[in-house]
Amino acid sequence: MENRNTITLTFEDGSEKEFIILFTHQAECDGKNYVFILDDNDEEAGVGVLEYIEKGDGQGDILPVNDDNEALWEELSEVFEAYQNEMESMDSCAGCPGAGSSECDGCAK
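Numbering (the numbering used here), first residue to last: 198 to 306.
Treat the hints as calculated values from the structure; they're not laboratory data.
Think of the CB as a built atom: it goes at the ideal place given N, C-alpha and C, for glycine as much as any other residue.
There's no promise every hint is true.
Stated by the list, open to error - Here are the simulated EDC-like cross-link-like pairs (lysine to aspartate or glutamate), alpha carbons at most 20 Å apart as the crow flies:
1) K229 / E248
2) K229 / D258
3) K229 / E275
4) K229 / E271
5) K252 / D227
6) K229 / D254
7) K229 / E267
8) K214 / D258
9) K229 / E251
10) K214 / D237
11) K229 / E272
12) K214 / E248
13) K214 / E240
14) K214 / D236
15) K229 / D264
16) K214 / D239
17) K229 / D265
18) K214 / E241
Claimed, not checked - Across the chosen pairs, the derived CB separations fall in these ranges:
19) G228 / S274: 14 to 24 Å
20) S286 / Q256: 26 to 36 Å
21) E267 / S212: 28 to 38 Å
22) N282 / T207: 27 to 37 Å
23) T203 / E283: 18 to 28 Å
24) T221 / E271: 17 to 27 Å
25) G243 / Q223: 15 to 25 Å
26) G211 / Q281: 27 to 37 Å
27) G257 / C226: 14 to 24 Å
28) S286 / D210: 38 to 48 Å
29) G243 / N263: 13 to 23 Å
Based on the sequences and whatever the hints tell you, model everything.
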């Protein structure tokens, strides 16, 4: 089984759900941190983006993203598109630790 970074979100009704953290991004337009998450059990749900405020010891607050900030949404969309392109290029790779980076030697494992 793969080692994946996950985050558990607690909803208003007290229920909890675990999501896979795809990646994080510090936005240039506002300097805030954002986390891109995926519900691995619901393929139709798509990818979510939440603002993350670090509190220390691996704890933090998760907030909805400001819907009114068009520049932020444009930046986050571009970042996600770049992530998707990188993942597509790695599909043909064996996924070794250097995959998709300058350390990749083009192995065919």
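Quick rundown of the hints versus the structure:
{"no.": "1", "hint": "K229 / E248", "verdict": "holds (7 Å)"}
{"no.": "2", "hint": "K229 / D258", "verdict": "holds (12 Å)"}
{"no.": "3", "hint": "K229 / E275", "verdict": "holds (16 Å)"}
{"no.": "4", "hint": "K229 / E271", "verdict": "holds (15 Å)"}
{"no.": "5", "hint": "K252 / D227", "verdict": "holds (19 Å)"}
{"no.": "6", "hint": "K229 / D254", "verdict": "holds (19 Å)"}
{"no.": "7", "hint": "K229 / E267", "verdict": "holds (15 Å)"}
{"no.": "8", "hint": "K214 / D258", "verdict": "holds (15 Å)"}
{"no.": "9", "hint": "K229 / E251", "verdict": "holds (10 Å)"}
{"no.": "10", "hint": "K214 / D237", "verdict": "holds (11 Å)"}
{"no.": "11", "hint": "K229 / E272", "verdict": "holds (12 Å)"}
{"no.": "12", "hint": "K214 / E248", "verdict": "holds (17 Å)"}
{"no.": "13", "hint": "K214 / E240", "verdict": "holds (15 Å)"}
{"no.": "14", "hint": "K214 / D236", "verdict": "holds (9 Å)"}
{"no.": "15", "hint": "K229 / D264", "verdict": "holds (14 Å)"}
{"no.": "16", "hint": "K214 / D239", "verdict": "holds (12 Å)"}
{"no.": "17", "hint": "K229 / D265", "verdict": "holds (15 Å)"}
{"no.": "18", "hint": "K214 / E241", "verdict": "holds (16 Å)"}
{"no.": "19", "hint": "G228 / S274: 14 to 24 Å", "verdict": "holds (18 Å)"}
{"no.": "20", "hint": "S286 / Q256: 26 to 36 Å", "verdict": "holds (35 Å)"}
{"no.": "21", "hint": "E267 / S212: 28 to 38 Å", "verdict": "holds (32 Å)"}
{"no.": "22", "hint": "N282 / T207: 27 to 37 Å", "verdict": "holds (33 Å)"}
{"no.": "23", "hint": "T203 / E283: 18 to 28 Å", "verdict": "holds (21 Å)"}
{"no.": "24", "hint": "T221 / E271: 17 to 27 Å", "verdict": "holds (18 Å)"}
{"no.": "25", "hint": "G243 / Q223: 15 to 25 Å", "verdict": "holds (22 Å)"}
{"no.": "26", "hint": "G211 / Q281: 27 to 37 Å", "verdict": "holds (34 Å)"}
{"no.": "27", "hint": "G257 / C226: 14 to 24 Å", "verdict": "holds (21 Å)"}
{"no.": "28", "hint": "S286 / D210: 38 to 48 Å", "verdict": "holds (40 Å)"}
{"no.": "29", "hint": "G243 / N263: 13 to 23 Å", "verdict": "holds (19 Å)"}
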